[in-house]
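Residue strings, one per chain:
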Amino acid sequence: MTDKSPLFEFKDVHVEVEGKEVVKGVSLKIFAGEIHAIMGPNGSGKSSLSNALMGHPMYSITKGEAYIKGESILEMESDERSRAGMFLAFQYPLAIPGVSVANFLRAALKSHRGEDADMSDFRSLLKKEMAELSIDPAFATRYLNDGFSGGEKKRIEILQMSILNPSVALLDETDSGLDIDALKTVSAGINRYHDDSKGILLVTHYQRLLNYIKPDHVHVMSDGKFIKSGGPELALKLEDEGYDWIVNQTTVGA
Amino acid sequence: MKQNPEFLINEMTPHLHRGPDWLKAMRRSDRLGFNEAELPPRGIHLWRYTDPIRFMMDIDTATDADFTGALDAVVKAEAEHVKEGRLAALVTDRGGRDIDVQISPAGLPQGVIIGSLSDASESNFDLVKEHLYQMINRKSGKFEAMNGALWNDGIFIYVPDNVVIEKPVHLFREAGGENSATFPRLLVIVGRNAEVTLIDEYGGGSPDRNKGISFSNGAVELFGSEDSRTRYVSLQRYAPAMNSYFTHRAKLKQNATMLTIPLVFGGELCKQSFGVELAGAGADSKMYGLLFGSNRQHFDNHTLHHHSAGKSTSDIDFKVVLKDRALSAYTGLIRIDNKARTCEAYQENRNLLLNPGTRAETIPELEILNEDVSCSHGATLGPIDEESIFYLKSRGIERNEAVRMIVGGFVQSTFKLVPEDLKDRLSDFVATRLETI
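Protein chains in written order, with the working numbering: chain A, 29 to 282; chain B, 66 to 502.
Incorrect hints may appear among the rest.
[Said to hold, decoys possible] From the derived model, a few chain A residues whose C-beta atoms are all more than 12 Å from chain B:
id, residue
1, Glu46
2, Pro69
3, Ile89
4, Asp223
[Said to hold, decoys possible] Derived list of chain B stretches under chain A, where covered just means 3 residues or more per stretch with a C-beta under 8 Å from a C-beta of chain A:
id, region
5, 452-463
6, 473-481
[What the hints assert, rightly or not] Label-pair restraints from in silico Cβ distances:
id, chain 1, residue 1, chain 2, residue 2, range
7, B, Lys276, A, Asp144, 35 to 43 Å
8, B, Lys488, A, Tyr240, 56 to 64 Å
9, B, Lys276, A, Gly142, 51 to 59 Å
10, A, Ala123, B, Glu231, 47 to 55 Å
11, A, Gly142, B, Leu482, 46 to 54 Å
In short, the hints are calculated from the structure, not lab data. Cβ atoms here follow ideal geometry from the backbone N, Cα and C, with glycine treated the same way.
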């Protein structure tokens, strides 16, 4: 085990938003095949961490290191991080009026492959992946997220992930805004994507997503730090007892 | 060619002595109109953003237009479209000197006239005399009078009653190179229940300011008779060191419709005015414009919808994309006369700024003289959204490509309004300009 190098790793990462430090030194190693979950109350810094790792211009990493397959990402532009194998499914995906889902995905795929995908290959890939996620084929020609419901946006995020097939997927509150059927469909999509060569980092407030996607490791984040790590049982305890016990315990301990 | 704030049109200028007597008289009248008019005052909206002295070109110091052949390939490609029947006709106008007409193998419907305006002013004396200078003349302004005096030859298009020209007619106007001045002129008469589509393209001009600038001052008059349907695309893609002034006026009678598509891409300084008078009940005018500015391009555009008859409708959507240090001023006037009841008029101007250092001004002007109308106007102005760029980048798309996609998306709503058969041509024109953004 020890000679294996992590697929994705970050060390002592600090993140600032508008001059305020919201992530205060977190570290994690994700090995191929692993699913990690970061859980925590609202405002704990979970989303800031995932946005910063993807290179969002509003979130700056002021200290720390991050690597994908041993390669440092912090000097990379977001598009380079994507092409290096990273993916972030957004909590609130933006609408891009005038750009259709199909054209967007085709452009994204082209940037990854360095050449245009064959049109009929692309069409059948898109059709297949949309069917797997129970997305109406009509969405292919609709403008990206323009007028989509919350659940539709989340499916489209997972569609993008399935098509780009990244090495590491950061999924930011992908379960929020989903009804139970949509949750099952989306979870199935994530499980289909996941295999021994992939790493997943789930960011979630609730444990219900973890009923469908089994994490290997759970990390509890509060006030910009990981305050506890454990196995899947930790998530269940949080579900039963809430976050207060653990936050208080840490405060007392500190 | 020099700028000269004191410039007067010399009585001996050869252009003034072309054509039949009535035309010479009109030219002389516009010559006096130009010479007697003061420079437009900078205090009014229309001249707030552009110094009129920049159009005071001393054409006595201009050199003869030098056609470098840079646009021969474009003309040749268009000529192929004519041969293959995708265009009804191609008219090339080189600096107002030679008007050449190529017609598709299918020929033109009976009675259609497409050709030299000078020739028509003799052979179709009554028709031309009745319309030419009716909307653009010395009363329109100093620079409109300049064109009226100095146009050499222009293009005349006449579509008789009940005649439909199915395919577009492409008018290709080539300006000369550095130090040249050109005065394109167009007169279009669309008969009752007749239909025509025109692509009026302006190209050429000086490619390099260090060698000297070029100047163009154009005028277009379009008359839409009862129940006529006219589609007019103005495609301005002059070379980088062109200063251009352009006036478009159209008049629509009862139930006539007109779609005007200004595509504003080229030149260094470009001041244009597009105006349609809705002079009959049921007349409808739509104007959908796209402007792309980069480097230090300076654009000053006006639109005018004048409802002089009731029950007429108009709609304007003018979109602007600016990069580098480009500037765009847009002034949109809706005028509804007191007697023009139950009109509908809408106007929207949206500006997308790709970087700091660009400047966009938007000035809606409403002169609505009765209450029985439905009218609205809107304007937006803002930088490109960095979060949207990030979203595309997070999927592997490089910044420049992401910007192009977002700009393409921004103009997509205009394409939704464009008729299906024109979409491909227009998106080609736009894509070519977008490549340089």
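Comparing the hints with the structure gives:
For A/Glu46, the shortest C-beta to C-beta distance to chain B comes to about 14 Å, beyond the 12 Å cut-off, and the non-interface label holds. Chain B leaves A/Pro69 outside its interface by the beta-carbon criterion, the shortest separation being 25 Å against a cut-off of 12 Å. At the 12 Å boundary, the C-beta of A/Ile89 stays outside the reach of chain B, the nearest C-beta of that chain being 15 Å off. Taking the minimum C-beta to C-beta distance to chain B, about 21 Å, the non-interface status of A/Asp223 holds against the 12 Å cut.
Chain A is given as covering the region 452-463 of chain B, and this holds because 11 residues of the stretch bring a CB closer than 8 Å to a CB of that chain, at least three being needed. With a cut-off of 8 Å between beta carbons, the region 473-481 of chain B has 6 residues touching chain A; three or more are needed, and the interface restraint holds. For the pair B/Lys276 and A/Asp144, the supplied restraint of 35 to 43 Å holds, since their beta-carbon distance comes to about 40 Å. For B/Lys488 paired with A/Tyr240, a C-beta distance near 45 Å fails the hint of 56 to 64 Å.
Between B/Lys276 and A/Gly142 the C-beta distance comes to about 41 Å, which lies outside the given range of 51 to 59 Å. Between A/Ala123 and B/Glu231 the CB atoms are about 39 Å apart, so this pair departs from the stated range of 47 to 55 Å. Between A/Gly142 and B/Leu482 the C-beta distance comes to about 36 Å, which lies outside the given range of 46 to 54 Å.
Comparing the model with each numbered hint stated earlier shows that hints 8, 9, 10 and 11 do not hold.
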